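Chains Y and R, in that order, give the protein sequences. The C-terminal position of the first sequence is numbered 32 in numbering that gives the first Met the number 0, with every residue numbered one higher than the one before it. The C-terminal position of the second sequence is numbered 168 in numbering that gives the first Met the number 0, with every residue numbered one higher than the one before it.
Possibly wrong hints are sitting among the right ones.
[Said to hold, decoys possible] Here are the simulated lysine-lysine pairs, DSBU-like style, with alpha carbons at most 35 Å apart:
1. R:LYS37 - R:LYS130
2. R:LYS36 - Y:LYS1
3. R:LYS117 - Y:LYS1
4. R:LYS130 - R:LYS36
5. R:LYS130 - R:LYS117
6. Y:LYS1 - R:LYS130
Since the hints were derived computationally from the structure, they do not count as laboratory data. In this text, all values refer to a predicted model and were calculated from it rather than measured experimentally.
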Amino acid sequence: MKNPLDSLWGTVICGFVLTVVLFYLARAMMGGG
Amino acid sequence: MGDFIQHGLGRWLHIMSGVMWIGLLYYFNFVQVDAMKKAAADTPPTGAGITKHVVPRALLFFRWGAVATVVFAFMILGDKALDVLLFREKAYVPIGIGGWLGLIMLFNVWVLIWPNQKKILGMVPATDEVKATARRVAFLASRTNTMLSIPMLFFMSSSALFHAPMFAR
């Protein structure tokens with residue numbers, strides 16, 4: 000599989016996906032489920 | 000007065016140095032990487048001036064901008080820094096996550112990007128094989144930082160969002 004970081008837009012998409020994942024993690028850590 | 004220096008001045012300097020750091024990171028990733036590929040494909044190659052005059056200066060402000068950003072972040076956090084990084088209160092979680100992302104990015108700048116850029120630019124001796132590896136490591140570390148900057152900026156600016164009704168269950 001190609002490394003998404005080799006592509007600029009793959010990098011940006013990974014950043015947005017990571018933001019969503021970390022948002023739900025933060026919300027769970029804060030007791031919001 | 001102390002509060003003004005810690006929070007007013009500290010926040011201003013943190014944002015200013017952060018713009019310097021992330022602005023240059025985005026310059027490298029959104030502009031220079033692609034431009035250098037095209038310059039290398041020219042006949043004769045036309046990227047030498049960028050490598051000689053632009054990259055060392057951009058890297059200077061980039062790596063010290065990173066240090067200044069983190070130093071001013073700790074100035075703002077003051078004696079709460081450890082509490083934030085260890086998530087000791089629920090309210091600290093968003094800024095704590097943003098802080099950890101920033102620290103990982105600072106590590107990447109000084110441990111992965113800058114030492115390898117010195118080899119690529121010929122500031123330290125390196126064989127062609129070592130230079131090729133250095134180029135790949137520096138590139139991936141820079142791309143990793145671009146990726147991490149997206150959630151980092153979200154968590155730096157979103158503390159209020161976590162308390163907004165639209166995000167509550």
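So if I understand the rule, the pair passes when the alpha-carbon distance is 35 Å or less; does R:LYS36 with Y:LYS1 pass?
holds (19 Å)
Between the alpha carbons of R:LYS117 and Y:LYS1, is the straight-line distance 35 Å or under?
Holds. R:LYS117 to Y:LYS1 sits at ~28 Å (cutoff 35 Å).
Holds or violated: R:LYS130 and R:LYS117, Cα atoms, limit 35 Å.
The hint holds at about 10 Å.
R:LYS37 paired with R:LYS130 [C-alpha distance capped at 35 Å]
holds (20 Å)
Hint consistency between Y:LYS1 and R:LYS130 [alpha-carbon to alpha-carbon, up to 35 Å]
holds (22 Å)
Taking 35 Å as the top limit, are the C-alpha atoms of R:LYS130 and R:LYS36 close enough?
Holds. R:LYS130 to R:LYS36 sits at ~17 Å (cutoff 35 Å).
Comparing the model with each earlier hint shows no violations; every hint is respected.
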